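Chains as they are written, first to last, in my numbering: chain A, 1 to 224; chain B, 1 to 224.
Calculated directly from the structure, the hints in this document are not laboratory data.
Since the structure is predicted, the reported quantities are computational estimates derived from the model, not experimental observations.
Keep in mind that the hints are not guaranteed to be accurate.
For identical chains, the list gives no copy identity; a pair is met inside one copy or between any two copies.
No farther apart than 20 Å at their CA atoms in a straight line, the calculated lysine to aspartate or glutamate pairs in the DMTMM-like style are these [stated by the list, open to error]:
no.: 1; residue 1: Lys78; residue 2: Asp149
no.: 2; residue 1: Lys78; residue 2: Asp178
no.: 3; residue 1: Lys78; residue 2: Glu108
no.: 4; residue 1: Lys26; residue 2: Glu16
no.: 5; residue 1: Lys78; residue 2: Glu176
no.: 6; residue 1: Lys26; residue 2: Asp115
no.: 7; residue 1: Lys26; residue 2: Glu108
2 protein chains.
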Amino acid sequence: MAETRIVRIRESVLRENRVQASILRKRLAASGVVMVNLMSSPGSGKTSIILHTIAALRERFRIAVIEADIDSTVDADKMIAAGVPAVQIETGGFCHVDAAMAQAAIQELPLNTLDVLFLENVGNLICTAQHDTGAHVNVAILSVPEGDDKPLKYPVMFQAADVVIVNKTDYMAIAEFDINAVRQRIAVLNQAVTILPVSCRSGEGIADWIEWLTARITSVAGNR
Amino acid sequence: MAETRIVRIRESVLRENRVQASILRKRLAASGVVMVNLMSSPGSGKTSIILHTIAALRERFRIAVIEADIDSTVDADKMIAAGVPAVQIETGGFCHVDAAMAQAAIQELPLNTLDVLFLENVGNLICTAQHDTGAHVNVAILSVPEGDDKPLKYPVMFQAADVVIVNKTDYMAIAEFDINAVRQRIAVLNQAVTILPVSCRSGEGIADWIEWLTARITSVAGNR
Numbered sequence: 001m002a003e004t005r006i007v008r009i010r011e012s013v014l015r016e017n018r019v020q021a022s023i024l025r026k027r028l029a030a031s032g033v034v035m036v037n038l039m040s041s042p043g044s045g046k047t048s049i050i051l052h053t054i055a056a057l058r059e060r061f062r063i064a065v066i067e068a069d070i071d072s073t074v075d076a077d078k079m080i081a082a083g084v085p086a087v088q089i090e091t092g093g094f095c096h097v098d099a100a101m102a103q104a105a106i107q108e109l110p111l112n113t114l115d116v117l118f119l120e121n122v123g124n125l126i127c128t129a130q131h132d133t134g135a136h137v138n139v140a141i142l143s144v145p146e147g148d149d150k151p152l153k154y155p156v157m158f159q160a161a162d163v164v165i166v167n168k169t170d171y172m173a174i175a176e177f178d179i180n181a182v183r184q185r186i187a188v189l190n191q192a193v194t195i196l197p198v199s200c201r202s203g204e205g206i207a208d209w210i211e212w213l214t215a216r217i218t219s220v221a222g223n224r
Numbered sequence: 001m002a003e004t005r006i007v008r009i010r011e012s013v014l015r016e017n018r019v020q021a022s023i024l025r026k027r028l029a030a031s032g033v034v035m036v037n038l039m040s041s042p043g044s045g046k047t048s049i050i051l052h053t054i055a056a057l058r059e060r061f062r063i064a065v066i067e068a069d070i071d072s073t074v075d076a077d078k079m080i081a082a083g084v085p086a087v088q089i090e091t092g093g094f095c096h097v098d099a100a101m102a103q104a105a106i107q108e109l110p111l112n113t114l115d116v117l118f119l120e121n122v123g124n125l126i127c128t129a130q131h132d133t134g135a136h137v138n139v140a141i142l143s144v145p146e147g148d149d150k151p152l153k154y155p156v157m158f159q160a161a162d163v164v165i166v167n168k169t170d171y172m173a174i175a176e177f178d179i180n181a182v183r184q185r186i187a188v189l190n191q192a193v194t195i196l197p198v199s200c201r202s203g204e205g206i207a208d209w210i211e212w213l214t215a216r217i218t219s220v221a222g223n224r
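With the rest of the complex left out, here is chain A (with noise of 0.2 Å):
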C-alpha cells in the first residue's frame, strides 16, 4: 500500500519537474548559457573536476558554478576563494537538484555576463540522476576506489550521462578495478557516452576532458 502510493506521488512530480527542466533549458540557451550538471556518489571528486576545468577554461569561457548540499558551504567556499561566483543552494534535506532548485539559484546570477554555468550536484549516484535540472550537458564521474560494479547497481545514472569521467586513476595501482569491465557495462546501458579515465592529482586525462567538453559546450551555443 504505502510503496505504490509513494510510486504514484513520485510519476507526478517528476512529470512536472520535466516539464520544468524543459523551459529552463530552453530559456538559458536563449541567454547564450551552457549548463553543466556534475553527478556522483559523495567524494567522487565532483569539486575537484570542477576547479581543474575552470582553471582551464576561464580565459575562453565566463564562468560561475551552483553548489548544491544538504547542509554547509564547504564547496561554495571553495570556489569563491578561487575567484570564481559561486551561488550555494542548501537542499535542507533534500537528496538532489531538480529544476526548480536550479531556476532559484539561477535568478541569483546576472545570466547575461555568463557562457558556462557549473552545477555541482548532491553528492547521490541515485536521486540526482532521475531529476532532470534543465542542464545541456550531464556528467557522473564514477572514481575508481567506488569499484567497478557501480554500473550494474546504479545503472540510470549511467544511462543519465552524456560523459562518465572515471576519476581518481591514481588509485588504479592498489584498487582491484577493471576498466574494461566499467567499458563495457556502461555500453549495455548507454551507448552514446563517452568514458574519460582521469586524474586530478596526476592530470592524466585532464586535456582529453576539456576538449570534449569544449566541444560540448560549443556545439550547444551554436544551437541556440
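Please arrange chain B on chain A, whose structure you already have, making use of the hints.
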C-alpha cells in the same frame, strides 16, 4: 510552490514510516532477531564489512542478510556464495529501504531460526539515513577515499548512526584524510556515536568492530 508541496508529502510519508518501523523493531525483538542496518555511499565497503563480520560471528549467531539495490543481484550472489541465507530487494528506482520494504523482505525469511539479520541498504549517504528501517543498530560506513569533509555535507547520516566505521584505512597513505577532523566533525553532530577505523584488506580494526557489535547484539537481545 513545487518545493513546499514535496516537503509536505515527504513529512507524512516519513511519519507513517516511523510508525511502521517501530512496530517492525518490536516484532523482530520479540522473535529474538536483532536487525543491523548498514548505510554508506556507493562503494564504501558495505558488502566487504558484512562478509568479514559474518565470518567472525557465524559460529556464535545464526545470520541472514537482506540485500537492497536499485537493480542487480551482485551482492546477494556474493552472500549466497559465502553460504549465507540472503534475500534481495530490488528497489526499482527507490534510493533507500523503508520499513515496508524491510517488512516485505523479512516475510521471506524464517525468523525463528535466526539471531542476527544484516540489512545492506542502497548505496546512498542521504536518503537511507532519513528512513527508519526498523533496525536495532544503525551503522554508517565512511571510506577514506571519500574525504574527511563528509560529516559537514551529510550530517543526517552521522546523526542517525550508532557507530561510524571509517573503512579502507589502507588508503590513508595516499589519501589526504584527517581522521581527527572527522572525529571532531562527527562529535558536533552526535556525541553518543562510536567511531571505528577499519580496513577489510589489512584486517585493521576488524576485531574492535566485532567486539562492539557483539556487545550491542547481546544488549538488544537481552532487553527484549
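message = To test your reading of the hints: which numbers does this structure violate?
response = Going through the list in order, the structure violates no hint and respects every one.
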